[in-house]
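Top line first, the protein sequences correspond to chains X and Z.
No gaps in the numbering here: position 64 of the first sequence is 64 in my numbering, and each next residue is one more.
No gaps in the numbering here: position 26 of the second sequence is 1026 in my numbering, and each next residue is one more.
These are calculated hints, taken from the structure and not from any lab test.
None of the values given here were measured: they were computed from a predicted structure.
Misleading hints may appear alongside valid ones.
Stated by the list, open to error - Keeping only pairs whose Cα atoms sit at most 16 Å apart, straight-line, the calculated EDC-like set for lysine to aspartate or glutamate is:
(1) Lys-1134(Z) - Asp-1115(Z)
(2) Lys-1086(Z) - Asp-1070(Z)
(3) Lys-27(X) - Asp-1011(Z)
(4) Lys-1021(Z) - Asp-51(X)
(5) Lys-1058(Z) - Asp-1120(Z)
(6) Lys-1134(Z) - Asp-1069(Z)
(7) Lys-1098(Z) - Glu-75(X)
(8) Lys-1134(Z) - Glu-1026(Z)
(9) Lys-17(X) - Asp-48(X)
(10) Lys-17(X) - Glu-37(X)
(11) Lys-1086(Z) - Asp-1120(Z)
(12) Lys-1015(Z) - Glu-1062(Z)
(13) Lys-66(X) - Glu-1102(Z)
(14) Lys-1118(Z) - Glu-1102(Z)
(15) Lys-1092(Z) - Glu-90(X)
(16) Lys-69(X) - Glu-37(X)
(17) Lys-102(X) - Asp-48(X)
(18) Lys-1015(Z) - Glu-75(X)
As a plain string of letters, each chain reads:
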Amino acid sequence: MVIEHTELKRCDVINVKGRIDSATAPKLAEVVNEIVEAGRFRIVFDMDGVDFISSAGLRVLIGTQKNCKRYNRGEVVLAAVPETIMASLELAGFTPLFKIFKDGVSAVGNF
Amino acid sequence: MPTVIFPGRYDSLAKIADLVKKATQEFGLDRLAAYGVETAVDEACSNIIEHAYGGEGKGEIEFNYRIKDDFLIITLQDTGASFNPKSVPKPKINVPLKQRQETGLGLYFMHQWMDEVKYDTAGKTNVLTLIKRKG
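Okay, chain X solo, but in the shape it has when bound (with noise of 0.2 Å):
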């Protein structure tokens, strides 16, 4: 898994290329952590070149959106999900507690 994290002014995007499996989760958990410890909410995940995410990714999700929604002080946003990975976040029940964009560009323009 290789992660690019992008510091815009409005918000902060995530590419993440691979496998979000229990060997590669955690470290997802440390990128995100550090956005929000430094005060950052608002959150674009961008998939694209996502190959296979498990509930072990899903829970990284779930967490951060809770933290980033609180206070209402900002929100996790999910970007061009490829279609396996949709199937999963549907069976999951997290697509009614993400916004989910067809690009990364239109979940920026979200913010």
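Please build the complex by placing chain Z on the supplied structure of chain X, with the hints as guidance.
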């Protein structure tokens, strides 16, 4: 195929996934169904490491698959603590964000993506069988 033994570590998951992809391809599943099987096996192996062994590097996972008629049958064996699936409550899916629990999804995924999930014990060995039916 011959049984393949992996160390019970999270970095084995990607290697196990490669074998699962080979199996689903050989079986002729479409992309979404294949992804589902990959998810179920990943969740099962993560549970073995985390719950049966109580952490990484405590034991091994034996992986095997066979194709019989319209069924792909994957078996995973470990020698950790045995598991009672009834002890894990079903996650509440349709609830607001604040009430979402962050655990229990793995087992739920296994049951949702596979047609059958069976737990057996043979002596000190736990045998998990995951079955996917074609079509």
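Consistency of the hints with the structure:
no.	hint	in the structure
1	Lys-1134(Z) - Asp-1115(Z)	holds, 10 Å
2	Lys-1086(Z) - Asp-1070(Z)	violated, 29 Å
3	Lys-27(X) - Asp-1011(Z)	holds, 13 Å
4	Lys-1021(Z) - Asp-51(X)	holds, 12 Å
5	Lys-1058(Z) - Asp-1120(Z)	violated, 21 Å
6	Lys-1134(Z) - Asp-1069(Z)	holds, 9 Å
7	Lys-1098(Z) - Glu-75(X)	holds, 13 Å
8	Lys-1134(Z) - Glu-1026(Z)	holds, 12 Å
9	Lys-17(X) - Asp-48(X)	holds, 8 Å
10	Lys-17(X) - Glu-37(X)	violated, 23 Å
11	Lys-1086(Z) - Asp-1120(Z)	holds, 14 Å
12	Lys-1015(Z) - Glu-1062(Z)	holds, 13 Å
13	Lys-66(X) - Glu-1102(Z)	holds, 11 Å
14	Lys-1118(Z) - Glu-1102(Z)	violated, 24 Å
15	Lys-1092(Z) - Glu-90(X)	holds, 13 Å
16	Lys-69(X) - Glu-37(X)	holds, 14 Å
17	Lys-102(X) - Asp-48(X)	holds, 10 Å
18	Lys-1015(Z) - Glu-75(X)	violated, 34 Å
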